[in-house]
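Enquirer: Could you build the full structure based on these sequences and the hints that come with them?
Residue numbering for the sequence shown follows the numbering used here, starting at 1 and increasing by one per position.
Take every hint as true, because none was put in to throw you off.
Pairs of lysine-lysine residues, derived as BS3-like cross-links and limited to a Cα-Cα distance of at most 30 angstroms, are as follows:
(1) K215 - K198
(2) K316 - K53
(3) K319 - K417
(4) K685 - K88
(5) K319 - K210
(6) K226 - K210
(7) K391 - K664
(8) K319 - K132
(9) K132 - K102
(10) K530 - K673
(11) K356 - K198
(12) K158 - K82
(13) K158 - K530
(14) K356 - K53
(15) K551 - K158
(16) K210 - K316
(17) K417 - K158
(18) K483 - K685
(19) K53 - K125
(20) K356 - K226
(21) K513 - K453
(22) K549 - K530
(23) K225 - K417
(24) K531 - K573
(25) K483 - K531
(26) K235 - K225
(27) K109 - K53
(28) K573 - K393
(29) K82 - K198
(30) K169 - K88
(31) K225 - K53
(32) K235 - K356
(33) K215 - K419
(34) K356 - K210
(35) K673 - K483
(36) K643 - K531
(37) K169 - K235
None of these hints come from the bench; they were simulated from the model.
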Amino acid sequence: MSEKGYFLPNESINHYVACSEIDKMASVIAQNYIGNHPSLPPVYRITRHSDIKKRADHRYEFPFDQMLPEMNIGDKVYAWAKLWRDEKGSFPFSIRATGKVKLFCNSIKVWSAATDKSENEVDTKWSLLLEKGWNHFILELEKDIHGCRAIFGTANRKNQPFHFLAPTKERDGEEGWIFTFSHQADMNEVLFHSQLEKNSGLTWYPREIKEDQYKGQLAELYGMKKNSKAYAWTKLNNKSGRNSITLSGYSYGRTSFLINHQSVYDLISEGDFTFSLEVPRGVHDLVIISYCGEEAWGFTFTHDSQSLFQVPQQVKGLKSPWLYLGYFEQSEEFCLEWFQPPFLTLGNRRWIPEIKNASIRPFLENEHFGKWNYPLGVTLYGLLEISARFKRKDIEEYVLSHVEFATSTYRYSLWDKEKFGAPGLNNQLADIDSLDDCGSFGSLMLRAHRYRKLEGAEEIADQIADYIMNQQSRLNDRTLYRKFGVSPSMHQTMWCDDMYMSVPFLCQYAQLKGDNRFLDEAARQLLLYKKYLYMEELQLMSHVYHVKKEKRTNTPWGRANGWVLFSLTELLKVLDTDHDLYDDIHQFFIQLSEGIIKEQGENGLWSQVLTDRESYEEASCTAMFVYAFSAGVRLGWFQDSEKNRYLNAAIDGWNGLCQKAIDKGGNIFAICKGSSYSFSNHYYKYDLPWKINDPHGVGIVLLAANEILEYLE
1 MSEKGYFLPN ESINHYVACS EIDKMASVIA QNYIGNHPSL PPVYRITRHS DIKKRADHRY
61 EFPFDQMLPE MNIGDKVYAW AKLWRDEKGS FPFSIRATGK VKLFCNSIKV WSAATDKSEN
121 EVDTKWSLLL EKGWNHFILE LEKDIHGCRA IFGTANRKNQ PFHFLAPTKE RDGEEGWIFT
181 FSHQADMNEV LFHSQLEKNS GLTWYPREIK EDQYKGQLAE LYGMKKNSKA YAWTKLNNKS
241 GRNSITLSGY SYGRTSFLIN HQSVYDLISE GDFTFSLEVP RGVHDLVIIS YCGEEAWGFT
301 FTHDSQSLFQ VPQQVKGLKS PWLYLGYFEQ SEEFCLEWFQ PPFLTLGNRR WIPEIKNASI
361 RPFLENEHFG KWNYPLGVTL YGLLEISARF KRKDIEEYVL SHVEFATSTY RYSLWDKEKF
421 GAPGLNNQLA DIDSLDDCGS FGSLMLRAHR YRKLEGAEEI ADQIADYIMN QQSRLNDRTL
481 YRKFGVSPSM HQTMWCDDMY MSVPFLCQYA QLKGDNRFLD EAARQLLLYK KYLYMEELQL
541 MSHVYHVKKE KRTNTPWGRA NGWVLFSLTE LLKVLDTDHD LYDDIHQFFI QLSEGIIKEQ
601 GENGLWSQVL TDRESYEEAS CTAMFVYAFS AGVRLGWFQD SEKNRYLNAA IDGWNGLCQK
661 AIDKGGNIFA ICKGSSYSFS NHYYKYDLPW KINDPHGVGI VLLAANEILE YLE
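Expert: Now the structure itself:
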């Protein structure tokens with residue numbers, strides 16, 4: 001922070017509201033967050049079935065030597081897609097290639113390789129500067145004696161699981177890559193400037209292959225399925241001033257017509273149809289139940305009738321106004337739930353477009369709403385507590401809707417992952433392989449579940465509990481650790497962060513199940529982490545312990561200490577005083593609090609590196625310490641002689657946040673971004689910058705406000 005601070009004094013929230021008016025400040029912060037992250041639904045896109053699809057790591061695989069066995073040495077294939085970015089910036093990518101491969105981005109070559117062995121097992125990772133808006137990617141693969149294949153995509157599958165989109169106007173809105181063959185040397189330029197398949201003079205794949213003899217759209221989509229039926233759905237828009245319309249067309253077999261799910265006309269057999277019906281001006285559901293005929297299956301409408309139809313659900317890439325669901329045995333009952341959002345709870349059947357071998361999939365393209373990750377677990381926890389305190393049902397519903405979107409789509413996301421390699425939503429929940437993936441948001445989920453029963457919540461909670469108790473890597477003494485991290489440098493490490501990724505969930509799950517074994521485990525883990533990470537001389541925690549090197553990093557990072565003190569606070573709130581480990585946990589809380597309070601800065605804030613006042617004053621760790629100290633005073637964890645000391649530290653910390661880190665719009669500055677780790681304080685001080693409104697800090701500031709208000713009451 002400069003001498004002038006993160007913003008000018010008159011831009012501070014404290015310029016308008018006294019620091020003591022905590023309720024007003026918390027409301028501004030909460031409203032600012034919700035206003036910036038509205039509860040928008042997922043984006044539905046068409047994905048064509050192709051051998052080019054995502055792997056579990058969210059990179060796309062291009063197995064052209066398997067897809068195109070007729071390729072000769074020297075033949076080239078081009079894959080093309082585009083990626084949208086809201087802001088210009090650097091983003092992480094990873095590639096692995098076999099054969100001669102070049103990668104172009106926005107017509108500029110950004111990577112190339114010609115392998116000299118049969119399998120290049122090394123992934124190349126680098127940051128690529130992308131423009132705001134569309135960025136076009138072209139992979140040129142030339143077959144050599146080793147093959148012709150590549151793997152390309154995000155290098156950060158957990159936080160940035162990019163999905164690429166089809167680049168041409170003919171497929172606008174579709175997810176996935178297209179590919180073609182060419183011997184031209186300047187194909188990159190041709191493709192980048194064309195963006196129209198019909199102008200390229202090339203054949204693009206994947207593509208629909210029409211049957212020689214057309215037997216109706218349902219026969220194209222499902223094949224001929226005797227004694228079966230399927231549903232077709234559109235919206236009928238009566239724009240005329242009359243309350244009646246006429247529909248005309250041809251049906252290949254028995255057909256029923258429903259307006260707003262009420263039967264209005266039945267056609268017994270194949271043939272032309274024309275009928276009029278009373279329909280008020282406006283938009284109505286039109287559903288057709290089409291029964292498979294003897295030789296064909298489906299229907300058509302005249303041009304005049306087609307002009308009345310519009311898409312029933314916004315789907316990017318959809319060219320026809322119809323969606324299809326099937327196929328069913330003729331005896332199966334009609335169900336209204338099939339036509340309600342989010343259109344995912346249909347068992348193994350899914351609504352599909354009028355494109356053979358294609359699916360409609362939801363992609364969560366919001367920055368935050370509906371996503372499941374650990375920082376949002378804290379953010380929503382803070383919002384939920386504030387909603388209860390201020391009796392704000394709107395904030396409560398916002399949180400519950402966010403959480404239930406994730407929980408209610410959990411089973412779908414597992415299906416989506418199995419079908420397409422990686423899901424378009426719930427990318428962490430559907431692929432749990434770390435405590436980051438499950439514990440923090442899982443804890444928030446169980447808190448929200450007490451407000452109302454959330455679809456899927458208890459099933460997910462059981463999965464998370466099993467992961468923590470039985471699947472997460474442990475040392476011989478049962479300490480949780482990261483045998484494998486997101487990169488090789490993170491293998492064989494133990495992080496303070498993982499206490500918050502496990503302990504609060506275990507506390508909440510123990511309450512859900514009425515089983516104190518999970519509280520026992522939470523207490524044991526905190527004491528085991530103290531054994532490895534507590535620096536006695538400083539009374540602070542080292543951020544990381546390296547298991548293979550058998551040494552601490554000895555880096556007193558602010559938020560690492562915050563995660564541990566936060567977790568101790570959550571456990572002490574629910575741990576009985578007669579528990580076997582209560583005294584040890586309480587003593588740990590007191591010892592760590594003593595080390596932390598000594599490092600408070602003159603502005604009331606704590607520094608990014610706690611022992612280095614020249615490192616920037618950081619908001620998230622300050623809020624964690626304010627929360628813990630306020631709770632400790634309120635609940636009597638500190639000795640009477642120490643209460644005022646810790647209460648004053650908490651108030652000074654809150655005042656520092658209001659004066660130095662929160663502006664008049666409720667924006668929170670100086671929140672350290674998500675971290676890696678280092679054995680050097682230099683990394684935390686200089687290479688780990690702060691951000692505005694990062695979800696690592698918004699929720700804990702709200703929790704700090706709420707805890708002070710709890711004390712004052």
